[in-house]
Amino acid sequence: MTLLNVLFGIALLIKKLIPLAFVAALLFFFWGIAKFIFKSGDEKAIEEGKRIIKWGLIALFVIAAIGGIISFLQQDILGGSVPISIIQDQKP
41 MTLLNVLFGI
51 ALLIKKLIPL
61 AFVAALLFFF
71 WGIAKFIFKS
81 GDEKAIEEGK
91 RIIKWGLIAL
101 FVIAAIGGII
111 SFLQQDILGG
121 SVPISIIQDQ
131 KP
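With the working numbering applied, the sequence shown covers 41 to 132.
What the hints contain is simulated information worked out from the structure, not anything from laboratory work.
Glycine included, C-beta positions come from ideal geometry on N, C-alpha and C.
No false leads were slipped in.
For lysine-lysine, the following DSS-like pairs were computed, each having C-alpha atoms within a straight-line distance of at most 30 Å:
#	residue 1	residue 2
1	LYS90	LYS79
2	LYS84	LYS94
3	LYS94	LYS75
4	LYS94	LYS56
Derived Cβ-Cβ restraints for the label pairs, each shown as a range:
#	residue 1	residue 2	range
5	VAL46	PHE68	29 to 37 Å
6	ASP116	GLY49	17 to 25 Å
7	ASP116	LEU57	18 to 26 Å
8	GLU88	LEU47	35 to 43 Å
9	TRP95	ASP116	27 to 35 Å
10	ILE77	LEU100	15 to 23 Å
11	ALA85	LEU43	45 to 53 Å
12	SER111	PHE70	21 to 29 Å
13	VAL63	GLN115	19 to 27 Å
14	ILE106	ASP82	32 to 40 Å
Generate coordinates for the entire structure from the input sequences, incorporating the hints supplied.
Put into structure tokens, the structure is as follows:
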């Protein structure tokens with residue numbers, strides 16, 4: 041297994057995990073919005089809702105940036121498609 045195969049494997053794993061992380065961050069963001077709206081009478085809950093919204097947006101941005109960086113590295117730096125040896129289950 042070459043270094044290129046290892047890099048493609050890591051990139052493939054991260055690309056598979058990015059949608060799950062994005063959904064989790066989006067749910068976190070919406071949880072903050074719901075908390076902000078439905079607890080509008082409680083100042084402490086409003087501040088916590090704002091904090092959750094802020095960190096949810098930061099998480100969404102970071103996840104999107106990581107996805108873009110991985111795509112850039114895979115397409116432009118590493119040459120495009122995943123080698124077939126990564127996809128197939130090889131026996132030594």
